[in-house]
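**Q** Note that the protein sequences, when read in sequence, are chains V and S.
Take any residue in the first sequence, count from 1 to its spot, add 3: that is its number in this note's numbering.
Take any residue in the second sequence, count from 1 to its spot, add 3: that is its number in this note's numbering.
Treat the hints with caution; some may be incorrect.
Just so you know, same-sequence chains aren't split out, so a pair can sit in one copy or run between any two.
What the hints assert, rightly or not - Using 20 Å as the maximum straight-line C-alpha spacing, the simulated PhoX-like pairs for lysine-lysine come out as follows:
1. K26 <-> K149
2. K74 <-> K149
3. K74 <-> K28
4. K26 <-> K93
5. K114 <-> K130
6. K26 <-> K151
7. K145 <-> K28
8. K53 <-> K113
9. K26 <-> K113
10. K53 <-> K145
These are calculated hints, taken from the structure and not from any lab test.
Protein chains: 2
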Amino acid sequence: MENSNSTKEEQNFRVRKLELSDKSKGFIELLQQLTVFDSVSDKEFEDRFKEISMYGDDHLVCVIEDDFSGKIVATGSVFIEKKFIRNCGKVGHIEDVVVDGNVRGMQLGKKIVGFLADHARSMGCYKVILDCSVDNNVFYEKCGFKQKEIQMVKYFV
Amino acid sequence: MENSNSTKEEQNFRVRKLELSDKSKGFIELLQQLTVFDSVSDKEFEDRFKEISMYGDDHLVCVIEDDFSGKIVATGSVFIEKKFIRNCGKVGHIEDVVVDGNVRGMQLGKKIVGFLADHARSMGCYKVILDCSVDNNVFYEKCGFKQKEIQMVKYFV
């Protein structure tokens, strides 16, 4: 007899592209675990979704849906920057990776980051980069990343 | 009577958008001061220029041309990332800032970074970020930036 835990671990946590209907599945609430912000209207979500979709494969937002709860439990994004350096090379930028606090320890973060890095590689990028807190260094090392530079920021608001 | 130095300092080092003709003005050679890579054919340059131009104001490459020599002596780029977090906020990413080694000390780097940050602000970004080596920390602090996170990288080639 299975307990609920083993059942959950046997679930196929498939990574897929963000869909418009994911807003009603807790996508925004999941992002609010990453940083504090007000809720987003359906119109705002749809407009931003369409703006990002215009970039095609150059800006990908992916999610993992929990088939049992019907909730989005993990997400992350990557966009492809087109450069002149490195013989007109491309670089993938991973952003906004978050896993629901209730499903930690199931390697979903690693799955998301792997999916995004694979996408960058398949798009012809020579590298993929991301910025993170010092605390998340170990996690990203497990995902095959190495620390390189420092991030500088200037806030407008 | 002016000496060549004071004349140079009085020049109007105007920041403007990259133009197709800048390839023949040493734009690629300038970027090669940033990182080692082979030369780029006119066709490759034109194709990449057009790809970037398709993003309109969402991806801006700027340059400073030395009116005396007709050479491009400084450049930098910024692209606008569209997010769902921060109420569908936007973030500017500054990349590939380089000043010709022969015209250092004339604040051209600061001019380029200021131009790119102003662009990000005018596009409605709530912040602008960049990655740099620890050595360049002081320069970017003078440009109004503060150190925040660390950059992680995964190379494919």
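**Q** Are the hints correct? Go through all of them and say.
**A** Outcome of the hint check:
1. Neither within a single protomer nor between protomers do K26 and K149 lie at most 20 Å apart by alpha-carbon distance, with minima of 33 Å and 34 Å respectively.
2. For a Cα distance limit of 20 Å, the shortest separation of K74 from K149 qualifies neither inside one copy, at 32 Å, nor across copies, at 37 Å.
3. Taking the shortest alpha-carbon separations for K74 and K28, only the intra-copy value of 5 Å comes in at or below 20 Å, while the best inter-copy value is 54 Å.
4. In this assembly of identical chains, K26 and K93 lie within 20 Å of each other by CA distance solely across copies; the values are 19 Å between and 31 Å within a copy.
5. Taking CA atoms no more than 20 Å apart as the test, K114 paired with K130 passes inside one copy only; the shortest distance there is 18 Å, against 29 Å between copies.
6. For the homomeric pair K26 and K151, neither the shortest alpha-carbon distance inside one copy (35 Å) nor that between copies (30 Å) is at most 20 Å.
7. Within a single copy, K145 and K28 get their C-alpha atoms no closer than 29 Å, and across copies no closer than 44 Å, so neither meets the 20 Å cut-off.
8. Taking the shortest Cα distances, K53 and K113 never come within 20 Å of each other, neither inside one copy (27 Å) nor across copies (35 Å).
9. For a Cα distance limit of 20 Å, the shortest separation of K26 from K113 qualifies neither inside one copy, at 23 Å, nor across copies, at 41 Å.
10. When the C-alpha separation of K53 and K145 is checked against a cutoff of 20 Å, the pair qualifies neither within a copy, at 33 Å, nor between copies, at 38 Å.
Going down the numbered hints, you'll see the structure goes against 1, 2, 6, 7, 8, 9, 10, while the others check out.
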